[in-house]
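Enquirer: Please dock the two separately framed chains into a single complex, following the hints provided.
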Amino acid sequence: MEMSGSVWAGQDTTPAKIEAAVRDLLRERHARSEAYVPARVLNLVVVADREWRGEIQNRLDQVGRFHASRTILCCVEERRETIDAWATTEGQRATGPTDVSVLHEQVVLDLGPRHLDHLETIVGPLVVTDLPTLVWSPHGHPEAVDALLDLAQIVLIDSVHEPDPDGAVRRAMQLGERTYIVDLAWLRSTPWRERVAFAFEPTQWRGELGKISSVTVKHRPDSRAAGLLFLGWLAKRLDWEPGSMLDQNGALHGSAHARRQDVTLRLEPDETMSAPGLAGVAIDTASGLSISLDRGSGGLKARRRLPDGRESEWTVMGASRGEAGILGEGIRQALLRDRTYRPALSAARAMLG
Amino acid sequence: MATVPSKAEEKQQNPLAEGLERLPVHPTILTIFGATGDLSNRKLLPALYNLAHEGALPERFNLIGSSRGEMSDEEFRTQAKESIEEYSRRTVDEKVLSALLEGARYVTGSFDDPSVYEQLGKATSELDEEAGIVYNRVYYLSTAPSFFPVIVGQIGEHGLDHNAGSEVRVVIEKPIGTNLQEARDLNTAVLDVLDEDQVFRIDHYLGKETVQNVLAFRFANGLFEPIWNRNFIDFVQITAAEDIGIGTRAGYYDKSGALRDLVQNHMLQLLTLLCMEPPVSFSADEVRDEKVKVLHAIHPPEPEEVAEMATRAQYDAGVAAGEEVEGYLQEEDVPEDSSTETYAALRLEVDNWRWAGVPIYLRAGKRLARKVTEIAVSLKPVPHLAFQQDGSVGVQPNQIVLTMQPNEGVSISIGAKIPGTRMRIRPVNMEFLYGTAFMSESPEAYERLIMDAMRGDATLFTRDDEVEAQWTIMDPILQAWAAEPGPIAKYPAGSGGPREADSILENDHGWRAI
Numbered sequence: 012m013e014m015s016g017s018v019w020a021g022q023d024t025t026p027a028k029i030e031a032a033v034r035d036l037l038r039e040r041h042a043r044s045e046a047y048v049p050a051r052v053l054n055l056v057v058v059a060d061r062e063w064r065g066e067i068q069n070r071l072d073q074v075g076r077f078h079a080s081r082t083i084l085c086c087v088e089e090r091r092e093t094i095d096a097w098a099t100t101e102g103q104r105a106t107g108p109t110d111v112s113v114l115h116e117q118v119v120l121d122l123g124p125r126h127l128d129h130l131e132t133i134v135g136p137l138v139v140t141d142l143p144t145l146v147w148s149p150h151g152h153p154e155a156v157d158a159l160l161d162l163a164q165i166v167l168i169d170s171v172h173e174p175d176p177d178g179a180v181r182r183a184m185q186l187g188e189r190t191y192i193v194d195l196a197w198l199r200s201t202p203w204r205e206r207v208a209f210a211f212e213p214t215q216w217r218g219e220l221g222k223i224s225s226v227t228v229k230h231r232p233d234s235r236a237a238g239l240l241f242l243g244w245l246a247k248r249l250d251w252e253p254g255s256m257l258d259q260n261g262a263l264h265g266s267a268h269a270r271r272q273d274v275t276l277r278l279e280p281d282e283t284m285s286a287p288g289l290a291g292v293a294i295d296t297a298s299g300l301s302i303s304l305d306r307g308s309g310g311l312k313a314r315r316r317l318p319d320g321r322e323s324e325w326t327v328m329g330a331s332r333g334e335a336g337i338l339g340e341g342i343r344q345a346l347l348r349d350r351t352y353r354p355a356l357s358a359a360r361a362m363l364g
Numbered sequence: 003m004a005t006v007p008s009k010a011e012e013k014q015q016n017p018l019a020e021g022l023e024r025l026p027v028h029p030t031i032l033t034i035f036g037a038t039g040d041l042s043n044r045k046l047l048p049a050l051y052n053l054a055h056e057g058a059l060p061e062r063f064n065l066i067g068s069s070r071g072e073m074s075d076e077e078f079r080t081q082a083k084e085s086i087e088e089y090s091r092r093t094v095d096e097k098v099l100s101a102l103l104e105g106a107r108y109v110t111g112s113f114d115d116p117s118v119y120e121q122l123g124k125a126t127s128e129l130d131e132e133a134g135i136v137y138n139r140v141y142y143l144s145t146a147p148s149f150f151p152v153i154v155g156q157i158g159e160h161g162l163d164h165n166a167g168s169e170v171r172v173v174i175e176k177p178i179g180t181n182l183q184e185a186r187d188l189n190t191a192v193l194d195v196l197d198e199d200q201v202f203r204i205d206h207y208l209g210k211e212t213v214q215n216v217l218a219f220r221f222a223n224g225l226f227e228p229i230w231n232r233n234f235i236d237f238v239q240i241t242a243a244e245d246i247g248i249g250t251r252a253g254y255y256d257k258s259g260a261l262r263d264l265v266q267n268h269m270l271q272l273l274t275l276l277c278m279e280p281p282v283s284f285s286a287d288e289v290r291d292e293k294v295k296v297l298h299a300i301h302p303p304e305p306e307e308v309a310e311m312a313t314r315a316q317y318d319a320g321v322a323a324g325e326e327v328e329g330y331l332q333e334e335d336v337p338e339d340s341s342t343e344t345y346a347a348l349r350l351e352v353d354n355w356r357w358a359g360v361p362i363y364l365r366a367g368k369r370l371a372r373k374v375t376e377i378a379v380s381l382k383p384v385p386h387l388a389f390q391q392d393g394s395v396g397v398q399p400n401q402i403v404l405t406m407q408p409n410e411g412v413s414i415s416i417g418a419k420i421p422g423t424r425m426r427i428r429p430v431n432m433e434f435l436y437g438t439a440f441m442s443e444s445p446e447a448y449e450r451l452i453m454d455a456m457r458g459d460a461t462l463f464t465r466d467d468e469v470e471a472q473w474t475i476m477d478p479i480l481q482a483w484a485a486e487p488g489p490i491a492k493y494p495a496g497s498g499g500p501r502e503a504d505s506i507l508e509n510d511h512g513w514r515a516i
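For the protein sequence lines, the chains are A and B, in the order given. Using this note's numbering, the first residue of the first sequence is number 12, and each one after it goes up by one. Using this note's numbering, the first residue of the second sequence is number 3, and each one after it goes up by one.
Any given hint might turn out to be false.
Unchecked claim - Below, in silico cross-link-like pairs of lysine-lysine (DSS-like), each with a Cα-Cα straight-line distance of 30 Å or less: (1) K312(A) to K97(B); (2) K97(B) to K124(B); (3) K83(B) to K312(A); (4) K312(A) to K222(A); (5) K373(B) to K492(B); (6) K124(B) to K312(A); (7) K176(B) to K97(B).
No lab work stands behind these hints, which were simulated from the structure alone.
Next comes chain B alone, as it looks inside the complex (with noise of 0.2 Å):
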């Protein structure tokens, strides 16, 4: 018999642990569910084994993959070797691989069939057994959205959500619904049978070190923190621009369209990162009720308002880096009539004291000039200028980018003298670059939010409350996009997106170049 703790002990600390840089975490069985799926075959089994290869994986752990497609233990352990020595972002040690590999196993069975979970939980038991302690459980489910409540449901009627002496979690990957009612479906659905501390809903984006950077950044500095507010903040764009089509995920994709996609959840995400304000202490839910908070005080838009603050296109054929490519529309799979956006842009505002009246700007979209996710805060200009204009371009207002990808980094526009006799100013960077200020490697997104998964620390992942809050602002742009099908604006593959993106600025704003 697995030997499960009493209350006294599971009080008690681990002295052992004090100054430790990883942190031990119970021992742990996870159990992917599509785990021969492109997710688990790209990025999850990747980063498992780059834990194990820096140790940092629980002392004892064990995988069970679940997926429908008839597979032995060994053809299993055999497809996770080959993806992980494909996707690995270090070179494989063998000796771990196989040390992670050697006691995988794998449940062959559809979601919905009982016999899967009847197994997942002889296989748990016997592993509990064979180690004379009762080990954590997770829950990763990589499947079809489709799949998420079916499995949770199947967790709780075979008994598998609690088990005595240790957590159980679930992991659960977006999209978290397409639409407001069904997040809370899917929520309502999760939470019938879990409770909220038991769920991590993945959005890799807070996984990014860059992304967790806009919090050092605001956060750890007392020279910005005075200056972030309507006072002194005129604008903010928030872009998520990427040079690549949809290549083969049309299928998904045309459903989807860049504001489910990427603005309804990673944009949204990187907004709350900027507006919240500082949380008492960075718990899981000091962190998220101040995004929340910033959520809530984002007005939806009222049908007739959506035209004014929302814009959508899709890519025509164009020129992107030196070749000629087609258009959304003619890409393998996509509908003739399809009217999905592969570039949303709003305008939202949040209003709250600190940023009541200072226009947000989002934008996202394919096959655009570059690759690019960047928070550009623009700053009021000075109230009076001293200096001559003519012969330069001028004193322009301060500019704060915190852009996550490519370069990752911090930039600060400032005004300079320009060498000579006269006082000319011409705006210079002062630039941050992370590369060249860390000696370390930052991990892949997904090796912190499973160990964090592990570790039952959720400041990472979205809470209900937060998603529901996420879709009550999308919710009513969808719906007056989908009462209006037909044609949408293009813009040139390659180029910087639709002129229509322009009537959705307030003040003489421009877009920044991308």
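Excised from the complex, chain A in its bound form (with noise of 0.2 Å):
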């Protein structure tokens, strides 16, 4: 598709400059053309290191159709005194008399670690009022996010890519606490929630859900956060009382109390996963079924064993999404609500202790 676009700069500026500025690209485009009109969903802030800008764009460049109707983003380079900045407005070229053509904004600040501390007196002229806005700062800088949140609604954040686990759930309930929170950790695990409450689904299996006794689940070795929210999630869900987990050579065991007997959790890394998230997931109950579902070629291959000692194994199908589609659901999210993360999130810290 051929794309339109138009741009501004300016250096040492001030937020109302650069308002105005994209007001004005809104305009020239209209007068142009009526076929350019803005897009009014969500405010995007992401607030990025200056060095990896390139990267970030990158990023933001791939979620596809998930994109927020207007970005700021804000990139922190050492040292900096001033506010640089680009505005472009761009959207696929109107050709046909009927064409419409909706126009995504974007906003580029260099600015320095000394604006961040009252970033919300910069960006908040450039959001536009009454559309929600959702910050993500995936490279830390935490006074930026905690200066954004009187103006944020949503925060994006990835439990997954902070240092350790327990940090990560911490920071995450600390957020959650004080605005909604999308978790680019939780949306790693939906595909495997969906299919395991679609494997329990036939009514038939249902009742096994009261008999689970051990569940395992695999994931790769940096996305432990990822597994601890869906061993949260099905704790939550099913009524059972999460206790602390041990490390044991990397992996962590620990037992969860059901109505009818404990469960036994267990993560488990797996070297072997080039993708951040979860790998696999194996439940037992006590009658003596068995599930597992593992990635595979189209979707997940999944494996029932019945207590009669018969096996089956199918194809749960689905594409992946890969880590632009995962960033592209989590902008997508902030436009939703999800009541289960949160709750899954406590039965996670309490499996850390």
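Expert: In structure tokens:
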């Protein structure tokens, strides 16, 4: 598809000048053709290190249709004292007389660490009022996130990218007290949660949910947080009381107290996994039913062993979303509300002791 | 043996489903009758692929195709693969596609051949056996309408209409009859075998996001409901205009015409959504009860009333998109003396407390100036004008336009002051465009409807009494037109429609430009 765009740049500039420039860009585009109309969905504020600007820009470019309507990328550069800015509007080129081209706006700010404590005074005038605002700070900068909490309704985090799962869960809980959280680690577990729910959908298997005796989750070594969230979800949904898990040779072992019996829980790193997130889930029940899901071609490879020993294997279909897809899904989730994340997070916290 | 769940197990809820965006669906075997046909290749198979791609299909899913053409399982898979690759709305992931088709089976035979149903019964039982569960069965009738009663009858005769421990559902494509009697006969034949809650009659318009948005627009906004009645609304126009001709569909279209093709089903559905009372809940029967009430409130015309409330026409030669095009009678395979209408316009009234006296105009046609589907609600003018009218186009009544295609959205015209020293007014538009407000792409209507059928949610499907009520309104018009088979009015291709359409307008109302 052919794209069409307009650009403005300013050095040592101010939020008021940038905001006026964006308005002018939109006005000019609309005056040239009424086919160009601004999207009005979501503000996305990204705080990133200046040296990683290209990488972040690439990730944002790859999210496909899940674009925020206005993106404000704040690039933090050591020792910078002033603000430089670039504003662009971009949309598909309108060709036909009845075409409508939806414009997205992006503002890139180069700023310094000194600006972060009061970032809301810089970003505030640039977000579209009355739209939800999502903040994503992939390179840390917690002071910037804290400064934006009154402005933003949603914070995007990735618990997998925190240095340790304990810190990740703690930070997510802390942020969750003040705002709505979208956690990419949680979204990576979505297909697994859905498919485990689907596996117990046939009515004859639902009763087995109360007889689960063990759950093993395999994950990429750095994605323990995603595994914990998955186990936390299962514990909360099934009314288990999870206890602390202990580290044994890199794997976490523990148990949860269920109504009928204790459930053995295991989180095992899988060195062969290339993508972040989960690699497999295996669930056994006291009556001898066993269900496992593992990454496979064209979806998840599912295996079921019945109490009488019969086994079957099939593919639960679904395409991999890739990391760009996960980020896109994170942006889309900013418009929704998932009430199951925080209970899962608190159960994950309990498992960490 | 596949395990059949007990009653206690059936009542138990799945606690893992809470909060999931995609709700679990019971494992399903989908059998498509007419699996090698155009609808299957262009819409159904690509829709299934897209559902598989998103991970939305039931965790265990099997596809069986059935048609008259001799074909092996492998040949069916190859043909399905090619169709999906050509028509899928997203780039195909070969791994997902092969996972979808690897177990697909094909059953050859004519639809009245008992061996087809014996093979189907055997195949579905084998799949149950292999999986150790009892699959739900969905039979999708993507065939010529004449086969609907044949297939349903055979399903009943072979005991495939019910299955212990699972649900059996039948999806029926339009048209449900070509007149009231045929619709009744078909419903009777179908309901001799199946219960109404097993029957899913497709009107694919209802699967469109923007059509469903009519309900959201009306019932999720306090702004509009207070004015949604005869006290404030002057008239309504519902338009379904196409810029293309009949193409290669002369065989179907000449027997059908615009009234049967678009008005009887899609446009009356739009009318019911626009006019229905708020349902108590959005359950299938609550919504459909309200829609049926609207249809029952429309008085079917007496034969002598038809001429003043309905008009028809055919496109003549003309210029469309800068090219000279032939008239309908010159199209390939159209009989030269055909009186089939390619344009139909009606004036209906919903005689109930809310709508009495509000004319509702419907028009549908081919080879018109452009492609547009919209509902335009014109409000009554303000009671007193304090503003001078000279030097401006004046104060116009407000209009609310819900556009289904091509630019999905809602537009409200309001009066605004023209900048300057004088108080002069002109109408301006406040526009909401779907594409500007959501990041997600609308799924194809068939994706939504296939999932709903597998899930057993009939909200977006038409019920037997609804279809019959639609035909009750259309039948007198069709009969009156059939009684006058001579040449009918013409309109130039690429135009806004025939002048004759103005004759059904009341009170100086005008058609919106197409």
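Enquirer: Could you check the structure against the hints above and give me the numbers of any it violates, in ascending order?
Expert: Per hint list: single violation, 7.
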